Amino acid sequence: MTNYHHKKLAQGRWFELTFFEQMANIGSEVNRAVNWQQKNKKDLLQSAAERALELADLTISDKRNIHRLRELTRLREVIADCFFGDNIYGSSPQNWHSYFFAFNYAARLN
Amino acid sequence: MQLIKNKISLNDLKNLVAKGFGDFIKAVVEPGSQPAKNDDKALYVEKNNIPHVANGGAIVEKEVWGTGSVDVDKGIMVIDAELHADEEAFLLENGSKQEYLWGINIYPALEKADRIEFDSMINLKPSQGNRSRSVENKNIQEKIIIIVKGLIDD
Numbered sequence: 001m002t003n004y005h006h007k008k009l010a011q012g013r014w015f016e017l018t019f020f021e022q023m024a025n026i027g028s029e030v031n032r033a034v035n036w037q038q039k040n041k042k043d044l045l046q047s048a049a050e051r052a053l054e055l056a057d058l059t060i061s062d063k064r065n066i067h068r069l070r071e072l073t074r075l076r077e078v079i080a081d082c083f084f085g086d087n088i089y090g091s092s093p094q095n096w097h098s099y100f101f102a103f104n105y106a107a108r109l110n
Numbered sequence: 111m112q113l114i115k116n117k118i119s120l121n122d123l124k125n126l127v128a129k130g131f132g133d134f135i136k137a138v139v140e141p142g143s144q145p146a147k148n149d150d151k152a153l154y155v156e157k158n159n160i161p162h163v164a165n166g167g168a169i170v171e172k173e174v175w176g177t178g179s180v181d182v183d184k185g186i187m188v189i190d191a192e193l194h195a196d197e198e199a200f201l202l203e204n205g206s207k208q209e210y211l212w213g214i215n216i217y218p219a220l221e222k223a224d225r226i227e228f229d230s231m232i233n234l235k236p237s238q239g240n241r242s243r244s245v246e247n248k249n250i251q252e253k254i255i256i257i258v259k260g261l262i263d264d
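Protein chains in written order, with my numbering: chain G, 1 to 110; chain S, 111 to 264.
If you are wondering where the hints come from, they were derived from the structure by calculation, not from laboratory data.
Just so you know, these numbers come straight off a predicted model, no measurement behind them.
A couple of the hints might just be wrong.
In silico lysine to aspartate or glutamate, EDC-like type, Cα no more than 20 angstroms apart, as pairs [claimed, not checked]:
{"#": "1", "chain 1": "G", "residue 1": "LYS8", "chain 2": "S", "residue 2": "ASP196"}
{"#": "2", "chain 1": "S", "residue 1": "LYS129", "chain 2": "S", "residue 2": "ASP190"}
{"#": "3", "chain 1": "S", "residue 1": "LYS235", "chain 2": "S", "residue 2": "GLU246"}
{"#": "4", "chain 1": "G", "residue 1": "LYS8", "chain 2": "G", "residue 2": "ASP43"}
{"#": "5", "chain 1": "S", "residue 1": "LYS222", "chain 2": "S", "residue 2": "ASP263"}
{"#": "6", "chain 1": "S", "residue 1": "LYS115", "chain 2": "S", "residue 2": "ASP190"}
{"#": "7", "chain 1": "G", "residue 1": "LYS8", "chain 2": "S", "residue 2": "ASP263"}
{"#": "8", "chain 1": "G", "residue 1": "LYS39", "chain 2": "S", "residue 2": "GLU221"}
{"#": "9", "chain 1": "G", "residue 1": "LYS7", "chain 2": "S", "residue 2": "ASP196"}
{"#": "10", "chain 1": "S", "residue 1": "LYS115", "chain 2": "S", "residue 2": "ASP196"}
{"#": "11", "chain 1": "G", "residue 1": "LYS7", "chain 2": "G", "residue 2": "ASP81"}
{"#": "12", "chain 1": "S", "residue 1": "LYS117", "chain 2": "S", "residue 2": "GLU221"}
{"#": "13", "chain 1": "G", "residue 1": "LYS39", "chain 2": "S", "residue 2": "ASP196"}
{"#": "14", "chain 1": "G", "residue 1": "LYS41", "chain 2": "G", "residue 2": "GLU71"}
{"#": "15", "chain 1": "G", "residue 1": "LYS41", "chain 2": "S", "residue 2": "GLU221"}
{"#": "16", "chain 1": "S", "residue 1": "LYS124", "chain 2": "S", "residue 2": "GLU209"}
{"#": "17", "chain 1": "G", "residue 1": "LYS8", "chain 2": "G", "residue 2": "GLU71"}
{"#": "18", "chain 1": "S", "residue 1": "LYS129", "chain 2": "G", "residue 2": "GLU21"}
{"#": "19", "chain 1": "G", "residue 1": "LYS42", "chain 2": "S", "residue 2": "GLU221"}
{"#": "20", "chain 1": "G", "residue 1": "LYS7", "chain 2": "G", "residue 2": "GLU71"}
{"#": "21", "chain 1": "G", "residue 1": "LYS63", "chain 2": "G", "residue 2": "GLU16"}
{"#": "22", "chain 1": "S", "residue 1": "LYS124", "chain 2": "G", "residue 2": "ASP43"}
{"#": "23", "chain 1": "S", "residue 1": "LYS207", "chain 2": "S", "residue 2": "ASP263"}
{"#": "24", "chain 1": "S", "residue 1": "LYS235", "chain 2": "G", "residue 2": "ASP43"}
{"#": "25", "chain 1": "S", "residue 1": "LYS129", "chain 2": "G", "residue 2": "GLU77"}
{"#": "26", "chain 1": "S", "residue 1": "LYS129", "chain 2": "G", "residue 2": "GLU50"}
{"#": "27", "chain 1": "S", "residue 1": "LYS115", "chain 2": "S", "residue 2": "GLU252"}
{"#": "28", "chain 1": "S", "residue 1": "LYS222", "chain 2": "G", "residue 2": "ASP43"}
{"#": "29", "chain 1": "G", "residue 1": "LYS42", "chain 2": "S", "residue 2": "GLU246"}
{"#": "30", "chain 1": "G", "residue 1": "LYS41", "chain 2": "S", "residue 2": "ASP224"}
{"#": "31", "chain 1": "G", "residue 1": "LYS8", "chain 2": "G", "residue 2": "ASP81"}
{"#": "32", "chain 1": "G", "residue 1": "LYS7", "chain 2": "S", "residue 2": "ASP190"}
{"#": "33", "chain 1": "S", "residue 1": "LYS124", "chain 2": "S", "residue 2": "GLU246"}
{"#": "34", "chain 1": "S", "residue 1": "LYS222", "chain 2": "S", "residue 2": "ASP264"}
{"#": "35", "chain 1": "S", "residue 1": "LYS124", "chain 2": "S", "residue 2": "ASP224"}
With the hints as extra help, turn the sequences into a complete structure.
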């Protein structure tokens, strides 16, 4: 049994969100992880990065996103590399921000 | 999801955090209905035991917000949802206006200086000049700080 941070989202709410909303929320957790990484708060960094991966996994499991899997699995890999690995892909706060900003902007258009 | 109009104790907040994300809780705050000022001067009045806010080390005495004083007691906060967007929707359904709603995260175990994080996707409001997940207007930031401090009893 999976021990989710986002228990209610995992039970179904996540799959009611648009793709843009899903990506923007992943971006929020990545942003938090970057923030705590910069402040050298390792516990908070770990939690935020785990939540980012969890939301990425929920997004990957969403059947509506089957045609986006290559993008999503790459995203997951880069998150894992940045916060749990050696950052071989050279992620930076700036390129995380630029990647997710457009999704955040699109999510708020209504 | 809980609407906080009166105080919540720090321990109760910690218990909610323990049942949720473990280190923080999401909140949406409505810091009154006055529009933001464009300048960065932080001017707040001490009222009903809510502490002053220091601006660059200086304690300021009085706030003028538009044409009147801000009643910080009117600030309300919704906490304990997994999405800021759900908290935002709750307040909108109960009569709040979106332009006055801001998303924050509260880390009750941290020192007060680090306890409030201004980071939410609902904060992106280009039409109001807020082009990031933060709350860029220092006046609004400090007003939110006052409200949150006033609502958390520690």
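Results of checking the hints against the structure:
no., hint, in the structure
1, G/LYS8 / S/ASP196, "12 angstroms, holds"
2, S/LYS129 / S/ASP190, "10 angstroms, holds"
3, S/LYS235 / S/GLU246, "10 angstroms, holds"
4, G/LYS8 / G/ASP43, "23 angstroms, violated"
5, S/LYS222 / S/ASP263, "12 angstroms, holds"
6, S/LYS115 / S/ASP190, "14 angstroms, holds"
7, G/LYS8 / S/ASP263, "28 angstroms, violated"
8, G/LYS39 / S/GLU221, "14 angstroms, holds"
9, G/LYS7 / S/ASP196, "14 angstroms, holds"
10, S/LYS115 / S/ASP196, "18 angstroms, holds"
11, G/LYS7 / G/ASP81, "25 angstroms, violated"
12, S/LYS117 / S/GLU221, "19 angstroms, holds"
13, G/LYS39 / S/ASP196, "29 angstroms, violated"
14, G/LYS41 / G/GLU71, "29 angstroms, violated"
15, G/LYS41 / S/GLU221, "13 angstroms, holds"
16, S/LYS124 / S/GLU209, "29 angstroms, violated"
17, G/LYS8 / G/GLU71, "25 angstroms, violated"
18, S/LYS129 / G/GLU21, "24 angstroms, violated"
19, G/LYS42 / S/GLU221, "16 angstroms, holds"
20, G/LYS7 / G/GLU71, "25 angstroms, violated"
21, G/LYS63 / G/GLU16, "12 angstroms, holds"
22, S/LYS124 / G/ASP43, "16 angstroms, holds"
23, S/LYS207 / S/ASP263, "27 angstroms, violated"
24, S/LYS235 / G/ASP43, "31 angstroms, violated"
25, S/LYS129 / G/GLU77, "29 angstroms, violated"
26, S/LYS129 / G/GLU50, "16 angstroms, holds"
27, S/LYS115 / S/GLU252, "19 angstroms, holds"
28, S/LYS222 / G/ASP43, "18 angstroms, holds"
29, G/LYS42 / S/GLU246, "26 angstroms, violated"
30, G/LYS41 / S/ASP224, "11 angstroms, holds"
31, G/LYS8 / G/ASP81, "27 angstroms, violated"
32, G/LYS7 / S/ASP190, "12 angstroms, holds"
33, S/LYS124 / S/GLU246, "27 angstroms, violated"
34, S/LYS222 / S/ASP264, "10 angstroms, holds"
35, S/LYS124 / S/ASP224, "15 angstroms, holds"
In this structure, the hints that do not hold are numbers 4, 7, 11, 13, 14, 16, 17, 18, 20, 23, 24, 25, 29, 31 and 33, in rising order.
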